[in-house]
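> Since each chain sits alone in its own frame, please combine them into the complex, following the hints.
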Amino acid sequence: MRVEQISIFLENTGGRIAEVTTILSAASVNIRALSLADTTDFGVLRLIVDDNETAEKVLKENGFSVGKTSVAAVAVEDKPGGLNRILILLAKADINVEYMYALQQNGDHAVMIFRFDNIDDAVKLLDSEGIRVYKASEVASL
Amino acid sequence: MIYDIDFETMPREALEAIQLRRLQSTLENVYAKVPFYQKKFKEAGLVPGDIRSLKDLSLLPFTTKQDLRDNYPYGMFAVPMESVVRIHASSGTTGSPTVVGYTRRDIDTWSNLMARALSAGGATRGDIIHNAYGYGLFTGGLGVHYGAEKLGASVIPVSGGNTKRQIVIMKDFGPTILTATPSYTLHLAEVAKEMGFSLADLNFKFGIFGAEPWSENMRKELEETLGIDAVDIYGLSEVMGPGVAIECHEAKNGLHIFEDHFIPEIIDPITEEILPYGETGELVFTSITKEAFPIIRYRTRDITSLHPEPCICGRTHIRMKRVSGRTDDMLIIRGVNVFPSQIESVLMKSSDTTPHYQLVVDRENNLDTLTVKVEVSETLFADEIRMLQNTEKKISKDIKEYLGVSAKVMLVEPKSIARSEGKAVRVIDNRKR
Chain A
382 MRVEQISIFL ENTGGRIAEV TTILSAASVN IRALSLADTT DFGVLRLIVD DNETAEKVLK
442 ENGFSVGKTS VAAVAVEDKP GGLNRILILL AKADINVEYM YALQQNGDHA VMIFRFDNID
502 DAVKLLDSEG IRVYKASEVA SL
Chain P
19 MIYDIDFETM PREALEAIQL RRLQSTLENV YAKVPFYQKK FKEAGLVPGD IRSLKDLSLL
79 PFTTKQDLRD NYPYGMFAVP MESVVRIHAS SGTTGSPTVV GYTRRDIDTW SNLMARALSA
139 GGATRGDIIH NAYGYGLFTG GLGVHYGAEK LGASVIPVSG GNTKRQIVIM KDFGPTILTA
199 TPSYTLHLAE VAKEMGFSLA DLNFKFGIFG AEPWSENMRK ELEETLGIDA VDIYGLSEVM
259 GPGVAIECHE AKNGLHIFED HFIPEIIDPI TEEILPYGET GELVFTSITK EAFPIIRYRT
319 RDITSLHPEP CICGRTHIRM KRVSGRTDDM LIIRGVNVFP SQIESVLMKS SDTTPHYQLV
379 VDRENNLDTL TVKVEVSETL FADEIRMLQN TEKKISKDIK EYLGVSAKVM LVEPKSIARS
439 EGKAVRVIDN RKR
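Going down the list, the protein sequences come from chains A and P. Residue 382 is where the first sequence starts when you use this note's numbering, and the numbers rise one by one after that. Residue 19 is where the second sequence starts when you use this note's numbering, and the numbers rise one by one after that.
Read the hints as simulated data drawn from the structure, not as lab findings. From a predicted model like this one, the values you see are computed outputs, not experimental measurements. Think of the CB as a built atom: it goes at the ideal place given N, C-alpha and C, for glycine as much as any other residue. Some hints could be false.
Simulated restraints, written as ranges between beta carbons of each label pair [what the hints assert, rightly or not]:
#1 P:K270 - A:A474: 46 to 56 Å
#2 P:E290 - A:L415: 51 to 61 Å
#3 P:I187 - A:D501: 55 to 65 Å
#4 A:I398 - P:I446: 26 to 36 Å
#5 P:T181 - A:N443: 24 to 34 Å
#6 P:R444 - A:Q486: 30 to 40 Å
Computed list of chain A residues with no C-beta within reach of chain P, every gap over 10 Å [claimed, not checked]:
#7 A418
#8 A491
#9 S509
#10 S518
With the rest of the complex left out, here is chain P (with noise of 0.2 Å):
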């Protein structure tokens, strides 16, 4: 169901003439409430009024995270405290957390944009929320729980941890729909199966899952592990939280971005250069409709692509692709961008699970060179070595065809690539030594 037909399929037209207003709009608003952006705009000699199409937007500067650490906790607020009711934060793992702020407005508006993001991802009035995201500071529960509540859904409002009552409120309250990040909700699986059944036999039609990148090989395991369909839901804090883009159940192919809020963009992480549809890159968010905390030109770091097409569902919104990784993992070999998640790609054409691997990039005689080290599982092994070979020159093949650079591919004992808290570590570049 589309939750809000007359926005979410609006013509190409009607909804770029509104983003422009909303954005003259926005712009005007921060160049009189954020010194920040009034600072920025000056220094690349522009005023509001400068900004005459959309494709002006491309004249004004990015913000990054650094930007928001700079202003921590209250600078990029564009109200006084009076207006704003509901404060969220990120975690801050890599330095000191980002605040935002939301005004009454905001929130609506977010609520109504998790409305529409549950429709999409199959959820109706009728339906039962379990919402296992966490409730806090990190915007991934109370977006969801008040997108449910305005959808007019019965929300169980769980949140994370526990997950043996999880499980128990699980079967005796019959949810129909989970809202969860995808590994806590394989977990989830793992410790049902542990207490005796499986989350297949409950009631669940659809999930929405998101906070945390995943593959289409994820889907199919969360999909036949719960007997579902899965979708994948995009936000961040700093440009609302979950509900800034949503994949529709019909197509489960790119998540639709609510442009009539958030004007994306995609650039090249390094020369900063727009990309056109299609290409892959960073992506960028100007919010055109948020009040507390407007953003302009955001770099979030996230690898994506962006697809005009229309697509099955009516909504004419632009899809993004699921985010494939982040710029800060970006490897540049002999001018070439990398990202591993590229690679990780190219090996999954080569084994039906995604193996462990690692790159090594070293510098010999001024040349990059790149090692792509590959744990052989049981499905790529074989007895002869020519086969074993032959696996190596084809992923080496593969990754020269889509990545455009050349690897030595190297076979490693299952387990010989060092791990840490049981992640592996995909990049070793000697070249920083």
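Same shape as in the complex, but just chain A (with noise of 0.2 Å):
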């Protein structure tokens, strides 16, 4: 019920993004999900890619320094209050989120990324409500 979100660290200066995606791009790498978060000196890049390895590898090759991290891909009903629940559930149980952003729009619901400070907890509680979690398997087949 993991997948595997793959991390690299960004001095914030101008054109860095692109040379990360003209890498992963000159190796047939594809960007399933992105998220950016940043202060006024760095910024920290997170990817959910088709192909963890060949990412990591190419990244590395290239001076980066890569870090890689269990994050839960998680249903989200899309419609008002689909995620108030979800956040609300986790909130009651304290599981704190440390982050999270969207991956794609699967039929009449939202996939979206969670990293928790606890993830084998989050995910059994989600399970226990009838809240699905994606395994890798099927994230990649999305």
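Okay, here's the thing in structure tokens:
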């Protein structure tokens, strides 16, 4: 029930994201989702790609520090209150969301990437509430 | 094993009595034989007889590298050339070289001190010493060589370079002790690996490393790579050569200075004031037994501290910490002396490996500012901004705590700090522009 996300440290200067996308494109790696967190000096680019191994290899070859994190891909009902319901459940169970971003639309719901402070408890809770958490293989074929 | 048990374990009082007697006779000698010292003493209004206790040493003027250059090549020699049996010289990469000479008795003293040093580092008569220090004008190779022969060990005078042949010799001759620079040793280990075997599988027991600064992390790496105990050796040709100070393999915690031959002091490199034991500053040496090239209060430009606490090995000679840097690299930021090596030690605490870093000093509104750029290695990286900012804050707090200076810490991308000839440029001081 875990999806592997890769992340890269970037200085906050012009053209750096383009350099990353150029490297990935040259290696035929497809970016499925992306999120950027930044401060005035630096940022962290988080990516869900279709080929982690190749992405990690080519990025490292080009001198980037690459990190890997387990995240969860969660189905969120695409209607008012859909995300709210999930966040309230998590808050009540005292599970923190470190960050989240959208992956894509899948039928009547959206798929979102969540980084939890405790992914095992979070997945267990969502499961018991009937909220779908995608497997890595399912995310790949979305 | 302690090679010279009488002198190396001598009680403090007896040691100081010998030091004073030897110092006084050295001063009489240089005053009579070396015009440079006579002139300097006269300028300070002193004659050798004014030095009545070891404390009085502080009245004497310092000798600097520049003084040695000004007296190039033989101006500092205290004996006629007929008595000189050996000449060594420094490389002279930063100016004209400095030349030093040895009488037969000097060579004998040096051999004895190197025999002491090798013993402290774990060598005995039965050992085979693979000596990969360079032979030639550099004191490293011949210094170790004479000490090894004096000790009665078997020495392989392989010198530096010709790496593959060295490795074959290591494999076939079965040396048990390695003497080399730490960086060349790691190179040897890499080449051995390419040749299909590990130096750890050979017979090495001890390694005696020096001639360049190295760190505790490097000690771990050397010990694991070679399966040995690694100790630090210190020396410089102006004072004698290798064998001025040595770490004992029992404690591996600071280098014993052979105080019956050299008197160490630590000074503040700016005020030239003598600092108490334990405080970090510039190491100053006075030789008290040398004949051809005696040296008085020589400023080594090496940064360290002195520690008089007793050692588990039984030696009573004072210990110096491993050299952490050079005064040439010192920065003064808002009146505080800062050495890049101190920042490096702080960074080492935050990361398993030493990250590449750069100090940028600016002056804004007449105030010095220090920015420490740190490359984000895999060990420092986290995918959460909060954690990265905590890393910056922690390093900044540690720098403030240990160095007493405020610094802005800035994480930068790997390999973004300019390197020259493979080495990172450590300091950019924009105040000088």
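> Indicate, hint by hint, whether the structure satisfies it.
Quick rundown of the hints versus the structure:
At roughly 52 Å, the beta-carbon separation of K270 (chain P) and A474 (chain A) lies within the given 46 to 56 Å, and the hint holds. In this structure the hint that E290 (chain P) and L415 (chain A) lie 51 to 61 Å apart at CB holds, the actual value being about 59 Å. Look at I187 (chain P) against D501 (chain A): about 56 Å separates their beta carbons, and that is inside 55 to 65 Å. In this structure the supplied range 26 to 36 Å holds for I398 (chain A) paired with I446 (chain P), their Cβ-Cβ distance being about 27 Å.
About 31 Å separates the C-beta atoms of T181 (chain P) and N443 (chain A), a value consistent with the hinted range of 24 to 34 Å. Look at R444 (chain P) against Q486 (chain A): about 51 Å separates their beta carbons, and that is not inside 30 to 40 Å. With a closest Cβ-Cβ approach of about 5 Å to chain P, A418 (chain A) is found to fall inside the 10 Å limit, against its non-interface label. Residue placement check: A491 (chain A) keeps its beta carbon more than 10 Å from all beta carbons of chain P (closest about 22 Å).
Every beta carbon of chain P lies more than 10 Å from that of S509 (chain A), the smallest distance being close to 27 Å; the non-interface claim holds. Every CB of chain P lies more than 10 Å from the CB of S518 (chain A), the least distance being 23 Å, so the non-interface label holds.
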